[in-house]
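Please assemble the complex out of the two chains, which come individually in their own frames, going by the hints.
Chains as they are written, first to last, in this note's numbering: chain H, 1 to 516; chain G, 517 to 688.
For the record, the hints were derived by calculation from the structure and aren't laboratory data.
Each residue gets a CB set at the ideal place from its N, CA and C atoms; glycine is no exception.
Some clues are possibly wrong.
Claimed, not checked - Here are a few chain H residues that face chain G, going by a calculated C-beta distance under 10 Å:
#1 M63
#2 L191
#3 G211
#4 A440
#5 Y442
As the list claims (entries may be wrong) - Computed cross-link-like contacts, EDC-like style, restricted to lysine to aspartate or glutamate with a CA-CA straight-line distance of at most 20 Å:
#6 K490(H) x D480(H)
#7 K549(G) x D480(H)
#8 K454(H) x D480(H)
#9 K311(H) x D285(H)
#10 K289(H) x E279(H)
#11 K549(G) x D438(H)
What the hints assert, rightly or not - Quick look at which bits of chain H chain G covers, simulated, 3 or more residues with Cβ under 8 Å:
#12 308-321
#13 356-369
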Amino acid sequence: MSQISRRDFLKLYAALAASAAFSGAPRLLSSALSNNGGKPNILIFVFDSMSARHLSLYGYGRMTTPNLEKFAERASVYHNHYSSANFTTPGTASMLTGMHPWTHRALNFRGMIDRTLADRNLFNLVGNEYTHLAFTQNFWADILLSQFNADLDSHFPCDLYGQARKSLFQPDDLPGDRSIAYYVFQDFLSLRLHDPSSFPGSLFIGSAELGIDITSDNKANISADYPRGLPTVYDFSYENADVFSGVNDLIQSELPRSSPSLAYFHFWSPHGPYNPRKEFIGIFDDDLKWHSKPRHPLAADNFPQEHMRQKHLEFDEAIAEVDAEFGRVISDLEKSGVLQNSYVIVTSDHGELFERGEIGHASALMYAPVTHIPLLISAPGQAARSDFHSLTSIEDLVPTILQITGREIPDWVEGRLLPGFGGTEDTSRSLFPMVAKDNATYQPLKHGTFAMIKGAHELFYFTGYPKHPDSFELYNLQEDPDELQDLFSKDITTASKMKDELLAAIDTANRNFQKK
Amino acid sequence: MLKRLPKSQEILQVYAVIAVMLSGWTITAFLRKLPSWLLTLNIGEIFTVFSYAMVTNFIESLIVLLLLLLACIALPSHLFRDKFVVRGAVLSIAIIGSLMMFVGLHMQSASRLWLGFFEVSLLMGVFLGFSPKFRFLSSAVLWISDRLVVFLFVLLPLYVILSGYVIFRNIA
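Pulled out of the complex, with its shape left as it was, chain G reads as follows (with noise of 0.2 Å):
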């Protein structure tokens, strides 16, 4: 069954789209509300949040990404395993680009929402579909996912730690 994955370097540009991702929404909104937890919460409790926040952020990233190699495993190879980085980054850009509409919508209006959702989910079904027959999008996915590869040295290693730290404060 493992032979049915891709390689690791390809799952690690994948996985890096969708850290990314989610990590940067999570981190937007943490700025927007850090302002008025700084009238409330000392440093500490602050960085607890954040610690919550990014654990959460973690699983949800693994969720997406596992989401995607089982999809490898249970395709024929020609239509997801091949080309994987390329068709992986669009469909998780695709599910969290929707994810982002839909509830980014709300803030605006509680009637477009299912619009939304729609409208990313055709636009990046298509891309999926077609995106390795454009050698443009193909390598600009490519080209971005490789860049955002560097993002993993710092979230990886925050994701490992913040974890740690809410697991202790859990126990003790």
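This is chain H alone, in the form it adopts within the complex (with noise of 0.2 Å):
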């Protein structure tokens, strides 16, 4: 990493007092760090399910992030961002190519970015000054990673601060063809252990993953320090402890030597199944107010109340661990000097659902909870915080990115630059976040469930399941942010401009896969 000579360091002050008193510290900061000569480091965070509506950053009834709000004293707040999806896959893939789902069609359960769109990422926009470093622990995020390997200078394996695997291959075993290796062990060669309709494509594979799961101690995995077991993605189990500290030697061992970078850390936690250390179980012995909701006829599942408010409890124990965890690899890469010079993004790529009979996300559903996500950015040197409560998105991260680099931002990015980075509040924009899992790839949208969010409302449009007719559901997120009073047949004006508003634009996203 460039040292900050003396003068520079008095440039970059200057240059920071200068453009706090006339703009937003943000702006300023980042002009500043142009001042600098040296591009900065991009450090991006990433917390899987992460809502925003379980942090006590976003006012939250409990206090679930004590750390992401010290953190938040010197950092861009985005108080409405939204994910474009509720699940992973779209999720993500807009994240890191600054397109709408149904721009870049990674829509379905284990899906990838259209092939010939696959350069339009956030790795090959910045650059090759950059280097571009990725690890993520959730497959579904390492497949569209692998689609972007020839932009990635280190892509890291999922297990790389795992235990107990158990599956025998992982796709990182084919380097050259990492992402259809998902396909071939994880969805076909391999026993899904989890799931007892799993038809292995191979029976000398399938049959020693389930002996060696017959034959392994799964009791292991839970121990005084997990009660509930350990943290587990699918076929290993990791300590958060181990992970972060793991990031945490990767970012100060690679940063000083491979400067500026573009690293991108995925972190499965707080994904189910909610399974902290022992210091964070009970933490939150309190009444939480609790709305009981009807369950959903389109619900994946029909949980009771009462097994919903636990699992609730659970995730929030959770998101308190990942913040504590996130609390300490900051308070660390600080003393060691290493953000100096590196914007820190911290977000999501979807939120997290405890109600209406359902327990999770990637289903039919797609109310606040599970799309409305925290982004948080802090600049180099930042001092204070900036609040910003216009709707955002997931895809303004690439533009914004872009403009921090200095990079030209491409005419086919459908994210803006975000407030504070040389956006504007915008009050007037429509966000359209959608779940389309069963929908054909490359086939008109037709089956899922599209969300518009503009202003204080949200609309819903479900279409395309089977013996549920089509419908839609209008809430009020300010006067009404539980989503309990379905204005659609109330507020007849909102609901028709909405309504417009979505269906042409799924109509217009459709034209192109429309058969001529």
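Take a look at the structure:
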């Protein structure tokens, strides 16, 4: 990493002071950085499934994120940041390409970005000047990263910091074919132990994995430190302390010698099964207000209220652990000086839902807890907090990072510059989160849930579900943040306007996929 | 040592049983997955997945055959090499059938896993021991293994071509 001289420091300080006086602190920090001469590092921390609705940072009733709040004191905080989808594949693809799911087409479980668009990724766009590092514990995100392999200098395996791997083969065993290797090994040849309907394509691999699972001591995962068992990602378990320490070490060793770097770290936690260390279990001994919501006809399950309430609590505990680990890493990085010339971005790929009979994400339901995600960006040397309340999208990261790194923003990018980084707070903006996981990738969108968020309102359009007629729901997120009062048949004007806009947007997206 | 091996025609007949059973399983699994892949993957990618699966299948079939040939070398000829087609084919069916039961039962009830495994193994063990003594069983196995050889005219070239494709992808 380049050393900052006293003169550079004074220039930086002067620029900071001047820009803080005239406009937003982040913008000034950005310009101050360019005076430094060196390009900044970009560190992206993605916490899988971390719903903004569960963070005390955003006013949640439980103190889940004291460390994020501390971090926010010197960051830009986006209060109405939304994912483009309700599960990893489309959300992460949007984050890394700046495109909406109906454009990048990573719509399905284990989906991939349209092969002709795979070079439209953040790593490619920031150019070779940057060293590109990527690590994710999430297999589905790793499929996407595998599509970008040609643009990555280091692409680490998902189980880099994992324990007790159960599958015999992992996609990185085939580095040249890594994205398709997911389909070969994980989707086909292997036995998916958690899925009783799994039919392994290889009798030998399937039998061996089943044998390993039967003979291994699964109870070993449960220990005094992990009363609920270790956190698990399908085939391997891990300890957050190991993963965060590993990432910390990686940053400390890589950044000084490969600056500027664009580093993407996608952590599995707080994604289910919500198994934090013992010190985080039972920390919320409270009586949080709980809204009982009737089961939705399209909910994937029908969990009883008490079970959902319990899982809701366990999720909060998992978030608290992630927050503590993140706080530890940031503190270490600050002490080591690595962050002097680094932007740190904290966000998620989607949220999590504990209502209407359902626990988790990736179903037909797109209520705010599963799409409303955190976004914090701390610029080098930023000393004050900036809050932004306008609607922002997961797709906005790409143009914003390109702006930070001084690169041109291509026309095809569908995200916008974030406020504070050259963008404006646009109150008329519409966002279109969606889930179409059962829709054929290259067919017009006819099966899924399409949402539209505009101002305070959120409209849902459920279409193509068997035995469920197409329907709409409308909520006012400001007056009814729990989405309990469906206004679709009451606020006719808003409903009609939003419905027309949403259907027109879907129609436009479908044009390229209609049969000619 | 080669003299302890069965005749090539006999090996081919037993290999046909192994290859057909294993590839039958893999192709069935492939056809089950195909509709979901058609949603997300293009034809070239589906072909690549199929290639990897069939190459894995090829390796597995060679492993089973190798085990049988090692048994031929290791055991006294009257125990295994004589009547190799019948005994080899029955043992192959026992091994592969047990694995099928083992994995297949996982799909229904994990608690019955070992039961299925032992049931099939026991049954096949009995058949193996007495198979040459039952004329009907012997002739049935001989007849089936002889007919299955025809599938090798498709499977073996397929294995070779797809292995070449997989090797090429990983070298290139």
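Consistency of the hints with the structure:
no., hint, result
1, M63, "41 Å, violated"
2, L191, "6 Å, holds"
3, G211, "8 Å, holds"
4, A440, "5 Å, holds"
5, Y442, "9 Å, holds"
6, K490(H) x D480(H), "14 Å, holds"
7, K549(G) x D480(H), "43 Å, violated"
8, K454(H) x D480(H), "15 Å, holds"
9, K311(H) x D285(H), "14 Å, holds"
10, K289(H) x E279(H), "24 Å, violated"
11, K549(G) x D438(H), "14 Å, holds"
12, 308-321, "violated (count 0)"
13, 356-369, "violated (count 0)"
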